[in-house]
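There are 4 protein chains.
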Amino acid sequence: LTGIEISSRIKLASKKDDLDTTIVRVGDIKIGGEAIAVIAGPCSVESRKQLMDIAKAVKQAGAKMLRGGAFKPRTLPYSFQGLEEEGLRLLSEAREETGLPVVTEVVSPETVGLVEEYADVLQIGARNMQNYPLLRRVGEAGKPVLLKRALSATIEEWLGAAEYILAGGNGDVILCERGIRTFGKLTRFTLDLAAVPLLKEVTHLPVVVDPSHGTGHRQLVAPMARAAVASGADGLIVEVHNEPEKAKSDGAQSLRPEDFKALMGELGAVARSVGRRL
Amino acid sequence: LTGIEISSRIKLASKKDDLDTTIVRVGDIKIGGEAIAVIAGPCSVESRKQLMDIAKAVKQAGAKMLRGGAFKPRTLPYSFQGLEEEGLRLLSEAREETGLPVVTEVVSPETVGLVEEYADVLQIGARNMQNYPLLRRVGEAGKPVLLKRALSATIEEWLGAAEYILAGGNGDVILCERGIRTFGKLTRFTLDLAAVPLLKEVTHLPVVVDPSHGTGHRQLVAPMARAAVASGADGLIVEVHNEPEKAKSDGAQSLRPEDFKALMGELGAVARSVGRRL
Amino acid sequence: LTGIEISSRIKLASKKDDLDTTIVRVGDIKIGGEAIAVIAGPCSVESRKQLMDIAKAVKQAGAKMLRGGAFKPRTLPYSFQGLEEEGLRLLSEAREETGLPVVTEVVSPETVGLVEEYADVLQIGARNMQNYPLLRRVGEAGKPVLLKRALSATIEEWLGAAEYILAGGNGDVILCERGIRTFGKLTRFTLDLAAVPLLKEVTHLPVVVDPSHGTGHRQLVAPMARAAVASGADGLIVEVHNEPEKAKSDGAQSLRPEDFKALMGELGAVARSVGRRL
Amino acid sequence: LTGIEISSRIKLASKKDDLDTTIVRVGDIKIGGEAIAVIAGPCSVESRKQLMDIAKAVKQAGAKMLRGGAFKPRTLPYSFQGLEEEGLRLLSEAREETGLPVVTEVVSPETVGLVEEYADVLQIGARNMQNYPLLRRVGEAGKPVLLKRALSATIEEWLGAAEYILAGGNGDVILCERGIRTFGKLTRFTLDLAAVPLLKEVTHLPVVVDPSHGTGHRQLVAPMARAAVASGADGLIVEVHNEPEKAKSDGAQSLRPEDFKALMGELGAVARSVGRRL
Chain U
1 LTGIEISSRI KLASKKDDLD TTIVRVGDIK IGGEAIAVIA GPCSVESRKQ
51 LMDIAKAVKQ AGAKMLRGGA FKPRTLPYSF QGLEEEGLRL LSEAREETGL
101 PVVTEVVSPE TVGLVEEYAD VLQIGARNMQ NYPLLRRVGE AGKPVLLKRA
151 LSATIEEWLG AAEYILAGGN GDVILCERGI RTFGKLTRFT LDLAAVPLLK
201 EVTHLPVVVD PSHGTGHRQL VAPMARAAVA SGADGLIVEV HNEPEKAKSD
251 GAQSLRPEDF KALMGELGAV ARSVGRRL
Chain A
1 LTGIEISSRI KLASKKDDLD TTIVRVGDIK IGGEAIAVIA GPCSVESRKQ
51 LMDIAKAVKQ AGAKMLRGGA FKPRTLPYSF QGLEEEGLRL LSEAREETGL
101 PVVTEVVSPE TVGLVEEYAD VLQIGARNMQ NYPLLRRVGE AGKPVLLKRA
151 LSATIEEWLG AAEYILAGGN GDVILCERGI RTFGKLTRFT LDLAAVPLLK
201 EVTHLPVVVD PSHGTGHRQL VAPMARAAVA SGADGLIVEV HNEPEKAKSD
251 GAQSLRPEDF KALMGELGAV ARSVGRRL
Chain F
1 LTGIEISSRI KLASKKDDLD TTIVRVGDIK IGGEAIAVIA GPCSVESRKQ
51 LMDIAKAVKQ AGAKMLRGGA FKPRTLPYSF QGLEEEGLRL LSEAREETGL
101 PVVTEVVSPE TVGLVEEYAD VLQIGARNMQ NYPLLRRVGE AGKPVLLKRA
151 LSATIEEWLG AAEYILAGGN GDVILCERGI RTFGKLTRFT LDLAAVPLLK
201 EVTHLPVVVD PSHGTGHRQL VAPMARAAVA SGADGLIVEV HNEPEKAKSD
251 GAQSLRPEDF KALMGELGAV ARSVGRRL
Chain Y
1 LTGIEISSRI KLASKKDDLD TTIVRVGDIK IGGEAIAVIA GPCSVESRKQ
51 LMDIAKAVKQ AGAKMLRGGA FKPRTLPYSF QGLEEEGLRL LSEAREETGL
101 PVVTEVVSPE TVGLVEEYAD VLQIGARNMQ NYPLLRRVGE AGKPVLLKRA
151 LSATIEEWLG AAEYILAGGN GDVILCERGI RTFGKLTRFT LDLAAVPLLK
201 EVTHLPVVVD PSHGTGHRQL VAPMARAAVA SGADGLIVEV HNEPEKAKSD
251 GAQSLRPEDF KALMGELGAV ARSVGRRL
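Residue numbers (this note's numbering), protein chains in the order written: chain U, 1 to 278; chain A, 1 to 278; chain F, 1 to 278; chain Y, 1 to 278.
It is worth saying that the hints were derived from the structure and are not from the lab. Fair warning: there could be bad hints in the mix.
Identical chains share a label here; the pair holds if one copy fits it or two copies do between them.
Calculated cross-link-like contacts (lysine-lysine; reagent style BS3-like; alpha-carbon spacing at most 25 angstroms) [said to hold, decoys possible]: (1) K185 <-> K15; (2) K11 <-> K248; (3) K16 <-> K185; (4) K30 <-> K59; (5) K261 <-> K143; (6) K11 <-> K185.
Use the sequences and the hints to build the structure in full.
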């Protein structure tokens with residue numbers, strides 16, 4: 001197929017031929033088809049009002065799904081760890097209010113069942129990309145999985161993680177490039193956008209990009225979101241907050257609702273320029 | 001204390017003054033005192049005979065503890081995943097036979113109880129360094145924890161992970177440097193030995209080094225083990241296999257028993273040269 | 001201006017306010033204005049016929065400048081080192097034939113005078129980004145300088161290198177992102193596209209992107225070229241070869257003329273989608 | 001010879017068999033033999049008094065050669081760039097006074113002749129490791145060359161650089177590991193000590209280690225110097241300053257003379273423990 005070779009032991013995640021493409025369906029939304037799916041919302045669910053305000057704003061701007069963390073893995077035990085089940089309930093209320101399906105992170109095998117009750121897509125965070133008991137558990141779940149790349153995972157290790165989910169019987173895996181760790185100092189991570197067309201060569205799974213974590217700076221989110229679409233990404237996951245300066249996590253990289261709305265207009269134009277649409 | 005500053009939010013793992021040093025006790029063995037503790041054994045427990053032969057050999061050569069994996073996190077679901085509980089039983093038999101306390105990996109919160117029944121030290125592998133539910137669970141365990149550094153963890157992220165265990169009430173944390181991911185191609189990882197004296201400046205926790213994973217090549221294990229001792233490490237964890245060419249995992253980086261014996265002689269000399277002993 | 005801070009010691013390269021933008025002129029071509037300048041050509045000048053064929057093809061496809069190496073820095077002394085002055089003469093012939101200004105690399109202070117006679121833009125390669133005597137010498141030259149980023153240069157080190165040229169009196173510096181060295185194995189380098197909008201925040205200098213070296217694979221060049229334009233790049237430098245399989249260097253990452261032509265069509269559409277043009 | 005393979009195109013730098021070892025002679029000093037050569041001195045030559053005081057102190061403590069920079073490559077043009085020829089003269093005076101041969105950096109082909117008049121060993125800095133005209137020029141010089149590893153050079157690229165010097169006819173090349181660039185934040189670079197035994201497997205050239213640049217912190221220099229000796233290094237190059245807080249460059253990583261003296265005692269013990277001596 002190409003001059004780019006991956007291990008032949010990656011059986012289920014690897015692409016068989018040019019036409020081999022997986023489209024993941026979340027209700028009416030398709031990820032991996034012609035339309036580019038934009039997922040947006042706050043880093044953490046903080047309160048009903050915060051979540052509802054943001055959910056309505058991103059819905060109005062054209063987002064197709066709502067993101068929001070209820071279980072938050074944090075570097076230190078003293079940081080805000082999320083509202084947990086209360087956060088899940090609020091996400092589910094926001095879905096009822098806006099119609100947006102919900103993407104939220106799951107951090108342990110024993111809470112997968114709980115999260116599944118409320119969420120439409122189960123997110124595996126970068127820190128858990130090689131948490132194999134968790135991958136096996138979501139492999140048995142009835143919901144699609146958004147699998148973030150670990151900070152220093154090679155493409156093959158990432159596809160190896162997907163393989164655990166696929167081998168468990170869950171074929172609905174969405175890969176999410178969210179930046180890798182390099183020597184760079186001015187950005188939080190280095191967004192490896194070339195991973196998008198590279199993955200398109202070697203796997204049939206859809207690929208979305210997280211320009212918020214991938215850069216760490218609000219000013220860089222829109223340009224990298226446009227670039228992601230131009231590189232062939234099937235979707236984006238973008239952090240939006242109505243009061244970024246008060247956010248309990250990741251405020252510096254969160255767009256304001258009005259910035260997000262402007263971005264959606266830009267993205268529509270870029271999508272059309274590469275033969276796709278929002 | 002020094003010109004090297006870490007976040008003041010790392011409360012429990014940080015060093016208060018020059019005399020602030022933790023010694024972790026495993027039976028009669030002390031880790032963090034004058035003597036350097038060498039932990040040795042196979043990557044994976046493969047069979048009773050394999051384990052017993054290796055355990056006796058490393059005991060005779062002077063190892064203080066036995067390592068061996070029963071639950072093996074592997075990049076692909078098709079690789080050997082360990083003997084699981086049967087492996088734990090064999091490790092416990094090897095302890096009875098040799099008197100060596102056992103260090104083995106735990107990969108999920110729900111199996112911590114099981115592993116605790118058999119093991120003397122609970123190992124958290126690099127892939128799980130930021131698996132916070134697991135860290136919280138071993139924080140409640142009654143056994144010391146050997147916490148490996150994640151492939152791309154900064155020193156502060158690593159100490160943040162230790163903080164979860166300490167905050168849970170388990171003060172017996174041993175840090176293990178096992179190589180970081182860099183651009184290097186001829187070695188499996190880049191062993192960051194400077195992390196040893198750096199940690200000695202900022203934390204009271206003992207530090208051991210894994211020169212096997214840290215290099216990936218048998219020929220580099222002995223020089224880097226000697227270097228680790230000279231740099232101030234409190235211990236080593238070394239892979240030894242009686243038939244490396246047949247090993248189910250990590251054969252290329254496993255020492256043969258006779259090489260390990262020779263290494264122990266060398267390490268004794270280096271330890272004395274820096275005012276310590278095996 | 002922004003929340004992204006660089007050292008105040010970077011005086012000449014740093015941006016003073018939102019309107020502070022440098023446009024570098026090469027004949028009629030402007031780099032840093034509304035139009036996106038595409039520079040294309042072979043990695044190495046190999047023969048008159050090779051160069052003329054490629055030069056005509058890229059001209060016809062819409063390229064604005066011709067690239068081609070006459071002095072080639074190579075990892076080993078036994079590799080093809082370029083045609084040197086003969087290569088410069090051929091480049092100059094190709095300019096006469098096509099009207100395309102010529103960009104070519106200069107590798108030592110003592111050959112700057114010679115290269116200046118033939119070239120329109122002096123390229124400083126990644127390996128020489130911190131070759132300060134060379135930077136000082138091109139700082140005195142009368143031609144614009146295209147300054148490639150070193151494999152592991154931070155943004156500040158890169159701007160520090162530009163500062164040497166600017167301080168020498170040559171204000172026509174074009175920055176070129178060409179990929180950084182990371183742990184990635186399937187691509188030659190990791191193209192750090194976020195450097196483009198980041199540089200737009202902190203410097204007034206124009207920025208171009210090299211998707212050929214940045215990825216190392218022909219299949220990834222077009223998607224990353226589109227992404228570069230969408231991210232805000234002022235230009236591209238793309239390797240094109242009429243017989244990539246016979247190229248003396250970098251064949252695997254060179255586009256064929258027909259692929260380049262197709263790419264130019266795509267780039268025009270993406271450029272318009274972000275309010276620019278080729 | 002080993003399971004570690006390098007390109008067969010590295011002809012002159014590669015090791016032919018176990019006994020293939022090069023000893024570089026600088027006057028009476030041998031680098032690569034049983035004795036470990038310690039090179040010490042200030043980062044920059046700043047004044048006659050500064051240099052003489054330091055030279056005498058390191059001589060008395062047992063250093064075998066004097067280091068000191070006269071031409072200083074600096075990230076910004078506004079930083080102290082060295083005393084240049086005046087610095088070379090002072091170094092040569094210090095040699096007369098102490099008998100210590102002098103190691104100093106050369107930064108351009110056209111100044112090699114000048115530096116050769118004063119220095120005993122020509123240092124190629126990390127930034128110039130792939131400055132091929134410079135490598136070719138020192139390949140024709142009559143003095144040994146100390147070749148520092150570039151910040152992100154692979155082992156093969158480093159040996160490729162050595163190959164340029166060897167191919168030029170100068171067989172006296174000393175490799176110097178000085179730290180690589182990684183994601184680490186608390187140290188200036190990551191000292192890749194495993195490069196020492198790795199190089200011993202694949203090349204016959206002697207290897208020295210720079211624990212000063214390699215760590216960037218005075219407190220880490222002694223432990224890493226000891227570790228380097230234990231790993232098999234043939235020498236060390238250490239920054240010493242009599243007033244580190246006033247140093248024009250690299251003060252934070254410079255040892256005080258009394259610290260250096262203490263280190264020399266420690267190194268003697270470690271050297272003996274691995275069958276060598278200072």
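Handout entry: Identical-chain pair category, K11 with K185, by Cα at 25 angstroms
Key = between (37 angstroms within a copy, 20 angstroms between copies)
Practice task
Evaluate K30 and K59 at a C-alpha cut-off of 25 angstroms and name the case that applies: within, between, both or neither.
Solution key: Within. Shortest intra-copy distance 17 angstroms satisfies the 25 angstroms Cα cut-off; inter-copy 41 angstroms does not.
Practice task
First find the shortest C-alpha distance between K261 and K143 inside one copy, then the shortest across copies, and answer within, between, both or neither for a cut-off of 25 angstroms.
Solution key: neither (29 angstroms within a copy, 43 angstroms between copies)
Handout entry: Copy assignment of K185 with K15, given that the CA separation must stay at most 25 angstroms
Key = Between copies only: 19 angstroms across chains, 36 angstroms inside a chain, cut-off 25 angstroms.
Practice task
At 25 angstroms max between alpha carbons, let me know whether K11 reaches K248 within a copy, between copies, both or neither.
Solution key: between (41 angstroms within a copy, 21 angstroms between copies)
Problem - Up to 25 angstroms CA-CA - K185 versus K16, copy category - result: between (39 angstroms within a copy, 22 angstroms between copies)
Of the hints listed earlier, the one the structure fails to meet is number 5.
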